[in-house]
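**Q** Per the numbering used here, the very first residue in the sequence shown carries number 1; after that it's consecutive.
Among the hints, a few may not be true.
Heads up, simulated DMTMM-like pairs for lysine to aspartate or glutamate below, C-alpha to C-alpha not over 25 Å straight-line [stated by the list, open to error]:
no.: 1; residue 1: Lys110; residue 2: Asp45
no.: 2; residue 1: Lys219; residue 2: Glu188
no.: 3; residue 1: Lys76; residue 2: Glu338
no.: 4; residue 1: Lys267; residue 2: Glu303
no.: 5; residue 1: Lys48; residue 2: Glu11
no.: 6; residue 1: Lys69; residue 2: Glu303
Honestly, the hints are just simulated from the structure, not real lab data. Here the structure is a predicted model, which is why all the values come from computation and not from measurement.
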Amino acid sequence: METNKTYSVNENGYYGVYGGAYIPEILYNNVEELKNNYLNIMNDDSFKKEFDDLLKNYVGRPTPLYHAKNISEQFKATVFLKREDLNHTGAHKINNALGQILLAKRLGKKRIIAETGAGQHGVATATACALMGLECIVYMGEADIKRQAPNVSRMHMLGAKVIAVTSGSKTLKDATNEAIRDWINHAEHTHYIIGSVVGPHPYPDMVARFQSIISKEIKYQLNNTIGKEDPDYVIACVGGGSNAAGAFYHFMENESVQLIGVEAAGKGIDTGHSAATLTIGKPGIIHGSKTYLMQNEDGQITEPYSISAGLDYPGVGPIHSFLHDVKRAQYISITDDEAMQAVLNLTRKEGIIPALESAHALAALAKFNFRSTDTVVVNLSGRGDKDLNTYINFLNESNYAK
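Construct the entire structure; sequences and hints are all you get.
**A** Laid out in structure tokens, this is it:
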């Protein structure tokens, strides 16, 4: 959980002009308490020992760095998949959920709230709360509850209370709004486990640090496999952007490593049904921080769209806004159809069914002309169990069903 130099958050909570803490006064004490304590807690030896033990013996880290030989042959490069899908609960989200739950306990919090889109962060939070014996409330958009039913069942089974959000587009943005309202009304004893590198400082930095285990492992795994720590490309999907922040973290200072973030183009950038914030958005304030967001000419947030519930968000983490502006990372967008083709491609070529979110990163492989000497790491952020109904429907409606 080391600190980067050039691309890290500053003492005021900003990456360049992005970030900060734009919060109601009633949350000031909570956010200040977190800001003043999170680094000391995370750097405490007893915290690190407990967290590292859980990552190893509960989550199952390190996750494999898998040489995907068939995909490598297809794209004429050496392609590795960082297998976050093999984590306990099926995605990278558990890294952050466990870290924050340990931190919340040290701050004396008894009640945990969270937002979730695809349900993976909700499941991870419910899992951590069950392990630690804490009350858990998860806010989830009604539309996402319908399309991610297996994860809703998991949360219920783990003892969490899942509250359906019926406002707005009934997706991740609206779930986040309701979680913040809850936090305002129960500020004293509640910790809000934000699932991505979004929200007021220190959340973006804190979540990135918890997820930085991904790039830390990639470096020594590559060194053990090919004799060098740094790949030529790191590719990861971006909704809020926590898995990408974790995958990029230990490579940001080495500008020979090309960082590729992949957003959801939905039905197309110009269709009005997209979630490609860094392509079609502009700077503004959303959920406590200054960052790029999708908005109309009057500054009102516009509704995002993606087939993937985890990428269906109108903002993006401030770290990604900064990396975009200074051109340290390149951000591209992938349509629903391109993501679905990538799902089937990986499944048929490597026997791995990815999450829809991860499929956007996989689809980016077709957008680049790699050299045969290139080493490419794709962060496979989650597994596809939760998306099987979507996949089955697609298969039934396409030629792939034959």
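**Q** A separate judgement is required for each hint: does it hold in the structure or not?
**A** Do the hints match the structure? See the list:
no., hint, verdict
1, Lys110 - Asp45, "holds, 23 Å"
2, Lys219 - Glu188, "violated, 40 Å"
3, Lys76 - Glu338, "holds, 19 Å"
4, Lys267 - Glu303, "holds, 13 Å"
5, Lys48 - Glu11, "holds, 23 Å"
6, Lys69 - Glu303, "violated, 39 Å"
In summary, the structure is inconsistent with hints 2 and 6 from the numbered list given earlier, while agreeing with the others.
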